[in-house]
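Asker: Given these sequences and hints, build the entire structure.
So the chains spell out like this:
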Amino acid sequence: MFEIRIHSRGGQGGVTAARLLAMAAFLDKKHATAAPFYGAERRGAPVTSFVRIDSEPIKIYSQIRSPNLIVVLDASIMDTVDVLQGIQKAGTVLINSPHPVDLPGVKVLTIDLTGIALAVDLVVSGSPILNTPVLGALARMGVISRESAEAAIRDMFSDERNVKAAEAAYKELVL
Amino acid sequence: MNDPVAMSRPKKGAAGLTGSWRTFRPVVDREACNACGLCAMYCPDGCINEDHEIDLDYCKGCGICAQECPKKAIKMEREER
Amino acid sequence: MAEIPKEEYLEKCTTACAGCTSSLTLRYVLKAAGPDTVLVVPACCTSILQGIYPNTSFSVPVYNIAFAAAAACASGMSEAFASMGKKTNVIVYAGDGGTIDIGIQALSGALERGTDFLYICYDNEAYGNTGMQRSGATPMGARTTTTPGGKTDAKKDLDRIVAAHNIPYQATATPAYPKDLYEKVKTALATPGPSFIHILAPCPPGWRIASDMSVTVGKLAVKTGSWVLWERKYGELRISSPSKSAMKKRAPLREYLSVQGRFKGISDSAVNELEQAIEKNIAQLAKEEAGEC
Amino acid sequence: MLTVATGNKAVAAAVKAAKPAVVAAYPITPQTEIVEQIAEYVTAGEMDARYIPVESEHSAMTACIGASITGVRSFTATSSHGLLYMHEMLHWAAGARLPIVMANVNRALGPGWNVWAEHTDAFSQRDTGWIQLFVSTVQEAYDTTLMAFRIAENTGILLPVMVNLDGFVLSHIMQSLETVEIGDYIPPMVLPHRIDTGNPAGYGTLTGPGDHFKFRWEIEKAMRNSPAVIADAEEEFAMRFGRKYGPVDEYLCDDADVLIVSMGTLGKEAEVAVDNLRKEGIKAGSLRIRWFRPFPELDISDRDLVVLDRGYSFGFGGVLTDSIKSRYRDSSLFSVVAGLGGQEVTYDDIAEFVRNRRMGEEYWFGVDA
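Residue numbers (full-length UniProt numbering), protein chains in the order written: chain C, 1 to 175; chain Y, 1 to 81; chain W, 1 to 293; chain L, 1 to 369.
By construction, these hints were calculated from the structure, which means they are not laboratory data. Treat each hint with caution, since some may be false.
[Unchecked claim] List of simulated lysine-lysine pairs, DSSO-like, C-alpha gap at most 27 Å:
hint, chain 1, residue 1, chain 2, residue 2
1, Y, K71, W, K249
2, C, K164, C, K89
3, W, K86, L, K19
4, Y, K12, L, K214
5, W, K6, W, K186
6, W, K233, W, K87
7, W, K219, W, K179
8, W, K219, Y, K72
9, Y, K11, L, K214
10, C, K89, L, K279
11, W, K186, W, K86
Treat the numbers as computed from the prediction; the structure is a model and nothing was measured.
Answerer: As structure tokens, then:
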């Protein structure tokens, strides 16, 4: 089982990213669950979402304790939340940041998702959308296939800029 | 009883012969009556018909008919039972 | 004016008190509505006066529902009939407690949603069914079992609360003027969307009057201006003719109060406040009718 | 069609397929997504229903009652305080024998405010006369909602049905979902006592002690008929759509020495615990209760029971525990109160309950030493 934990702020699309990821995994003919951990939806508050992907049906509902992959949609969250908690020894952290980030003991990938969203004008109510571009990065990492990422985005959003942003992220991420 | 819930069906005298509630009975003075119909109009229980006959099986003896009669043609008389 | 139908939809006889003006009201409501009608009745005197299972004295369907629930029940019913293409009248027939107090939330919601129904509040100005405890509709100075010294608060202004919902048709009535009442129910049912009629229903035991006096007292309420008959169609207010006549030469309020045992011993200051409220109400209605507000 | 959906969206999809004439609802977390989705279906013309956006849950249930008595299908959804606010009308709906279907997204009650999973809301409605079913997956939420209409409207039953799904844990999780073409799985609703202005009746008029008693017995008779009707709905569902359900969901129970008895999503988590315990040589099984009312017959003889309760009757004990104890007095039982207010209970925790079980005792997870 491959377990992913996504850290974001309310309104940034972490929950939707988890759902898109599960959808894409489903399109890859795998079993997947996506679950947010949140209560009252409040813009700006830290939100954690969980995605499990497996070849077998998934029965576990409890939160992910030792993720294989951690996605941080807002680097500023790392000031208040220990995003690395429980990460597996060979785990990876994907951080939305224009600058390289150094975290001891784990493999860190960074990508400027905010910049990508702004570049294609993927902005809603003044906020750059991160949940669709991050799918491109995850596809590049091999978590899901590129085709399924695109199909999942199209299934949920009609605005082509989402696909464009994901494509850009796919190309931009350096593994 | 086949109904799955309590369904009450319309029935004249659903609550029994309420005429027995009366202490005073209305008596119409046909001479004085000008058939204006106000008594029937105001009877709460619809006990007075077009001919100004009062259904004493159900009349509760409230006396509104006597009170509202412009000709004072209805008298409330003590029931003798 | 069309002739009032002779058909009666209340079988003889209900278990209403002798001289009950709610029974009188219902006769005319149902004459106006006809047989393709469902009454929705929350807890109130009318819940009880239908009679006891398996018999009922009502010959239209009556759906009895919980105290706070009448308007919401009518909402569901009205939408369901509409979904089937039926034109059945849905009429809530509720007392002042079920309307002004516990039922006001559901009423407000149903009015705001534009529910196609008629809501009738028959107002005997207290919780009659449980033996005359005060309600929000009890007038100042009236003695009830829970205001043994006379109510110290004013009657809640239900009509202006309802008016704030800007519904297509709203009226007041009293069965002391049955033709006026009948016409208003007819108009209400012919008007699509929510309609509301507030009916003053003098209550012999509750108001401590003789059973033959309930109609007379209803007339006195109108003649003193204590109860003003009016209707408002699509925002146009018209004061009804009995009240029009009454306003030309109003009877003193004391005539209305003194015949009712519930006002026995009412203080001069309470009477004064009641009089002021009447003046204010009439002035506002007159201004509205004249198009000045 | 195979897709992915949340528990809430699955319920909404099932309701759409069931084609109710009236949906009356009030939003409350974590149920809101159900009624939002239905409102969207209605607005988009994908669902030919009247959506009544009532001002309270009390009115939501009452509007469903008003609609149902005219003979049309109605649905509502709620959660937690919303369910308790409509409590009075739940009794009314069952007493009036109206086949209303409701999804209840199980959530704790305040104070303090807590929006997470707990079964206290549904347990508080235990004695209202509603059939209560508890589900554990997105697929089961969809399937059971469809079954609920068929069960409720069966003329031998005519009782409202509540489908319970755990707040957030299931309402908001995304899992795969296979939707079906329901065909005539849910026959047209025929309410024998519907309002008919051509044949008027007084409903709920004053009913004396003797008669009232008879109608209460009628409710219980319907409840006693319901296991066969629910089983039939499940069998027919399995035949048509291939997914089989029963009063309980059994996992490796046959040879088990110890059974984990639970409801809702904890039942799935328990299966993982069973797998792990079996690797250690502990012959465990999982028995997930799907029907809460009517309460099913259980095959639990000669086994240790570890009962997980997500709701509690203060001054007495766990509510599921209570149901089992009162039905099976000789049962050997370890009562675990866990998961209240969304408390995290993992498969490791459940395995620990089994390993450290103290038969005859009660244990509050996370509180007791």
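Asker: Determine for every hint whether it applies to the structure shown.
Answerer: Status of each hint after checking the structure:
no.	hint	result
1	Y:K71 <-> W:K249	holds, 25 Å
2	C:K164 <-> C:K89	violated, 34 Å
3	W:K86 <-> L:K19	holds, 19 Å
4	Y:K12 <-> L:K214	holds, 25 Å
5	W:K6 <-> W:K186	holds, 15 Å
6	W:K233 <-> W:K87	holds, 21 Å
7	W:K219 <-> W:K179	holds, 13 Å
8	W:K219 <-> Y:K72	holds, 18 Å
9	Y:K11 <-> L:K214	holds, 22 Å
10	C:K89 <-> L:K279	holds, 25 Å
11	W:K186 <-> W:K86	holds, 18 Å
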